[in-house]
Amino acid sequence: MRTLKADDIIIPLADGIKRALTHVDCKALELLKQAEQNETSALCKWALGQIVQNDELAARENAYACQDCGQAMLFVSVGQQLRIKGELTAALNKAVQEGYSTARKSVADPLTRLNTQTNTPAVIHYDIIEGDSLSVRYMAKGAGSENMSKTYMLTPSKGTDGIVNCVVDCVKSAGSSPCPPIILGVGIGGTMDLCALLSKKALVFTDKPKRADETELEKRILKAVNETGIGAQGFGGSITALSAHVMTAPTHIGMLPVGVTIQCHSDRKFEIVF
Amino acid sequence: MKHYDLPLSPESAAELRCGDIVEISGFVLTARDAAHKKICEALKNGEPLPFDLSGAAIYYCGPTPACNGEIIGSCGPTTSSRMDDYAPALMEAGVKVMLGKGKRSPEVNDAVKKHGAIYFAAIGGAGALYKHKIKSCELVAYPELGCEAVRKLYIENVELLVATDSYGNTCLK
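Protein sequence lines, in the order shown, are assigned to chains A and B.
Our numbering puts the first sequence at residues 1 to 274.
Our numbering puts the second sequence at residues 1 to 173.
Rather than coming from a laboratory, the hints here were simulated on the basis of the structure.
One thing to keep in mind: the hints can contain errors.
Claimed, not checked - Across the chosen pairs, the derived CB separations fall in these ranges:
1) C26/A to A66/B: 41 to 49 angstroms
2) D7/A to G116/B: 56 to 64 angstroms
3) T155/A to S25/B: 54 to 62 angstroms
4) P48/B to T155/A: 56 to 64 angstroms
5) Q37/A to G69/B: 33 to 41 angstroms
6) K2/B to D7/A: 35 to 43 angstroms
What the hints assert, rightly or not - A few chain B residues that face chain A, going by a derived Cβ cut-off under 10 angstroms, partial list only:
7) T64
8) G73
9) A122
10) E156
As the structure is a prediction and not an experimental result, all values here were calculated from the model.
We put the beta carbon where it would ideally sit given N, CA and C, even for glycine.
With the hints as extra help, turn the sequences into a complete structure.
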């Protein structure tokens, strides 16, 4: 049985967080450049140009791409053959605290609103997987976009049309607030909490193999959202979302839960495997 | 591109139309959720404020900390609509310019028209770009609020969109 000391993850994970916060995900940056090229609205083109300039500048200077460095979300896959020495959750939070040492501290008590000063606790989701590795996928989740995320408890009769309509409804009510162009995570199935979690995992586990009907649904969703005409920063244009990602799980025969996570264009994430 | 200096004169405000992209220089005061709450409470209680709101420009922003001798950290705009409940009172108290991102409520757009104010939209997520446009930064009030403290910034040659003009017309719906 392989052993991993929990504290050994702190520095590498912290370093990865620091880099992610200053380097927008390369796939997102590629899509932003394409959007700038293809957008026909002058105002949106201007906005997309500013965003691309910003992201390239941030990476060159190791500057924070956006001042909202977000709450840290961690998706931790623990191999069932792995033996962990020490306290894993504490180590993960120490890594986040260290990773955010020069970033903005944006985590507060929900009732007193007192800032925790450390950008912890992180939002951590654990999965048990086969093997003996530990993988951590990190995503910065800012408030501008997260405030616009929603869950919808549909009935099965609503079908895929209903799913697409929910996403469009969510994006329309968000409007300019989540800093379009956005990236969409759509979770379908499970229970209310699971469809919301799936909508987050869809954004971080983009390498998970998809069924043909899931890929088809992603294309339908992206097309429908871009037909809203909201455009970059809500200035009115043809590109409102850069991409859409779907993740599904079996659900009750009487339910069709749909979780919609809106992520902004400042897509900051990475994976590390121990 | 036309350039305007803050504080904005009534003549300059009258020239601006929603949808214009202009270049702006001058002093702004940063304030977001927590500071707005404090400011409005002080205004309601008739308490003096540690800064002057007459003719002021408010920038909805909570920057990352300044490091290694920087003037300021990353400092893009935050979502303006969260300050919609407070904005009319601040305009009553003299605020003439607001910088943020995203649409405003009809009440705010009406107040902009009533006071001959302007709401400029900056680009959400362009924190690193704006950092280079800030030539000075001074903490003026509420240090206990950390990133939400009120800071006086000198902004230089920032490209902004006139989102709501002084006639109450808005291009962000």
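Cross-check of the supplied hints:
1. C26/A to A66/B: 41 to 49 angstroms: 28 angstroms, violated
2. D7/A to G116/B: 56 to 64 angstroms: 60 angstroms, holds
3. T155/A to S25/B: 54 to 62 angstroms: 56 angstroms, holds
4. P48/B to T155/A: 56 to 64 angstroms: Cβ of P48/B to Cβ of T155/A: about 58 angstroms, so the range 56 to 64 angstroms holds.
5. Q37/A to G69/B: 33 to 41 angstroms: 38 angstroms, holds
6. K2/B to D7/A: 35 to 43 angstroms: Since the Cβ atoms of K2/B and D7/A sit about 57 angstroms apart, the hinted range of 35 to 43 angstroms is violated.
7. T64: Cβ of T64/B sits 4 angstroms from chain A, so the hint holds.
8. G73: Nearest chain A Cβ about 6 angstroms off; hint holds.
9. A122: 9 angstroms, holds
10. E156: 16 angstroms, violated
The structure does not agree with the numbered hints 1, 6 and 10 stated previously, though it agrees with the rest.
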